[in-house]
Amino acid sequence: MIEVKDLTKRYGATTAVKDLTFTVRPGYVTGFLGPNGAGKSTTLRMILGLNEPTGGTVTVGGHRFRDRPRGLRHVGGLLDAGDVHGGRSAVAHLAVLARSNRIPRRRVDEVLAEVGLAGAAGRRRIAGFSLGMRQRLGIAAALLGDPPVLLFDEPLNGLDPEGVLWVRGLFRRLAAEGRTVFVSSHLMSEMENTADELVVIGRGELIAAESLTRFAARGTGAGVTVRTPRAADLADLLTAEGAAVNQDGPLLTVTGLDAARIGDLACRHALPLHELAPRAASLEEAFMELTADSVEYLAGEAR
Amino acid sequence: MTTGTATHAPLYAAGSEPAARFRDLLAAEWLKLWSLRSTPWAYLVTALAVIGFNVGQAYDTYRYWSTEAAGDRDKFIRDGIPLAEAFTSNAVLIHVLAAGAIGAVTVVGEYGSGLIRTTFAAVPARRSVMAAKVVVVAAVTTVFGALVALVSFFSTQAILNGRDIGVSLDHPGALRVVVASALITPVAALVGMAIGTLLRHMGSTMIVTVATLLVLPMVVSPDRHWSALIAHALPFPAWRRLTEPGGHLAAYPWSEGGAWTVYAVWALAAAAVTVCSVHRRDQ
Chain A
1 MIEVKDLTKR YGATTAVKDL TFTVRPGYVT GFLGPNGAGK STTLRMILGL NEPTGGTVTV
61 GGHRFRDRPR GLRHVGGLLD AGDVHGGRSA VAHLAVLARS NRIPRRRVDE VLAEVGLAGA
121 AGRRRIAGFS LGMRQRLGIA AALLGDPPVL LFDEPLNGLD PEGVLWVRGL FRRLAAEGRT
181 VFVSSHLMSE MENTADELVV IGRGELIAAE SLTRFAARGT GAGVTVRTPR AADLADLLTA
241 EGAAVNQDGP LLTVTGLDAA RIGDLACRHA LPLHELAPRA ASLEEAFMEL TADSVEYLAG
301 EAR
Chain B
1 MTTGTATHAP LYAAGSEPAA RFRDLLAAEW LKLWSLRSTP WAYLVTALAV IGFNVGQAYD
61 TYRYWSTEAA GDRDKFIRDG IPLAEAFTSN AVLIHVLAAG AIGAVTVVGE YGSGLIRTTF
121 AAVPARRSVM AAKVVVVAAV TTVFGALVAL VSFFSTQAIL NGRDIGVSLD HPGALRVVVA
181 SALITPVAAL VGMAIGTLLR HMGSTMIVTV ATLLVLPMVV SPDRHWSALI AHALPFPAWR
241 RLTEPGGHLA AYPWSEGGAW TVYAVWALAA AAVTVCSVHR RDQ
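Protein sequence lines correspond, in order, to chains A and B.
Heads up: the first sequence is residues 1 to 303, going by the UniProt record's numbering.
Heads up: the second sequence is residues 1 to 283, going by the UniProt record's numbering.
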């Protein structure tokens, strides 16, 4: 369980995170979403006690993480796969971490096998690792202490499709074991098949903290596609009923009225319908719409 | 790549976290140090360079001794030249520079790579981590300094003995030269480490370390009172005071005890800076 309350972090005049409050529950994979620069990494660092909050509190399992003398049995974190020394082998890197937390040496081989770096790969120097291999090593380090809480910052970067599939399975399994799994990403599509819960932030402020399904329903992209030879008449009719209508030849995209109401109205006015299809908003659209105002770095046009 | 299945019972479920021990951190830092291929190389190259400088100087003396009058032998030893050649001031410059860099890289290497975040996430007790680093670096550089100083002493005196002008370790002041040269190693390493912890960047760390350990002592003059006061508070002049004959005859003399104290104060202050400065700062 991770509890974040009124969390604020300022760097001089810049506010990276502002009054953030949310709870990450055990037993679920919780996605942590936001555009680049939204404050995800800053928040994760504050959870791990690496950065001190300017205001507010964050606890893991009811304790401030920094008050723990040793951390790996409480929280396993992968902040940046590059946070390793390239001169060491994967085995040596993990052996050092295990030793510092009094974790049996055999766990090193166990977690390396778990992430698929057993054998020769584990004895190679990390400098020669691909990003995908570094992500696997970072995941291995997070698993080392068999912790009840796991944090991953953009863990899918650099993984091949097989790796992405494996990571998704791993996260689901960790959550099924009753652990808290908190995974950040700036891509909604990465979360679509992985997360049960979502925490969405933009420009350091909370936008949503709810289940994936509820979040998807927020998207105004949800609407109804209607095909009719009398498109203009139907459009006028629906607009009069308070819907927003977008006409493209015989095709109407309607938002604000559901398919049943549209069908009834068309029937009552004897307008023929050739197609009537409700369209669910994709998570990606919901995410884009909700974060549109808070994108820090917008390409192409001046804001 | 295949994925295994966890068959072990969860470590956390039992609530059986073992007590945090400082010696685990010491062992981890020890592993960390020697799991880098560059570590033995850094020590080996430094040792060869320093011993090489000392041996070269002694060989030079040996080689051209024939031109000197035989009666000069007693004066040569009385003036303390054999001891000056046991650890020359050229060699100590390289030695201090290398020790400062070795100390700095143990911290800066970790900041530069980002490993420090992994380390502090694994051990939130940051000051304990840094204390373990300090102990390991101090111990390793002390042993290393002792080895280099002893090998330098015995090899140079063996060469000088070819002209019957070498001295043994029980010669007055000989042991002091060896110990002072050995201990300048951990002092320089700890200073490099403290500066590295404050600056976190290799380039600036090395500039400030060199300025503190080597340049500052060259700038201050032992002949002006205020300047001598500064000099008497710096580790490198302390090494000179302990190894060069006639230090007590300077315009502003200082005691050997004072010089040893300078070693101790710098080492302790550097250790304190290294340990304490990580506590508050964001990582």
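Simulated from the structure, these hints should not be mistaken for lab results.
A couple of the hints might just be wrong.
Footprint (simulated), chain B over chain A, 3 or more residues, beta carbon under 8 Å [stated by the list, open to error]:
#1 47 to 55
#2 66 to 73
#3 248 to 260
Simulated coverage check for chain B against chain A, where a stretch passes if three residues somewhere in it have a Cβ under 8 Å from a Cβ of chain A [stated by the list, open to error]:
#4 36 to 43
#5 71 to 85
#6 100 to 113
#7 120 to 133
A few chain A residues that face chain B, going by a derived Cβ cut-off under 10 Å, partial list only [as the list claims (entries may be wrong)]:
#8 Met-1
#9 Gly-77
#10 Leu-78
#11 Gly-82
#12 Asp-83
#13 Gly-86
#14 Ala-141
#15 Gly-145
#16 Ala-270
#17 Leu-273
#18 Leu-276
#19 Arg-279
For each residue, glycine too, the CB sits at the ideal point set by N, CA and C.
Evaluation of the provided hints:
no., hint, verdict
1, 47 to 55, "holds (count 5)"
2, 66 to 73, "holds (count 8)"
3, 248 to 260, "violated (count 0)"
4, 36 to 43, "holds (count 3)"
5, 71 to 85, "violated (count 0)"
6, 100 to 113, "holds (count 3)"
7, 120 to 133, "holds (count 8)"
8, Met-1, "violated (13 Å)"
9, Gly-77, "holds (5 Å)"
10, Leu-78, "holds (9 Å)"
11, Gly-82, "holds (6 Å)"
12, Asp-83, "holds (4 Å)"
13, Gly-86, "holds (7 Å)"
14, Ala-141, "holds (7 Å)"
15, Gly-145, "holds (7 Å)"
16, Ala-270, "violated (61 Å)"
17, Leu-273, "violated (50 Å)"
18, Leu-276, "violated (45 Å)"
19, Arg-279, "violated (37 Å)"
Violation of the numbered hints given earlier is confined to hints 3, 5, 8, 16, 17, 18 and 19; the remaining hints are satisfied by the structure.
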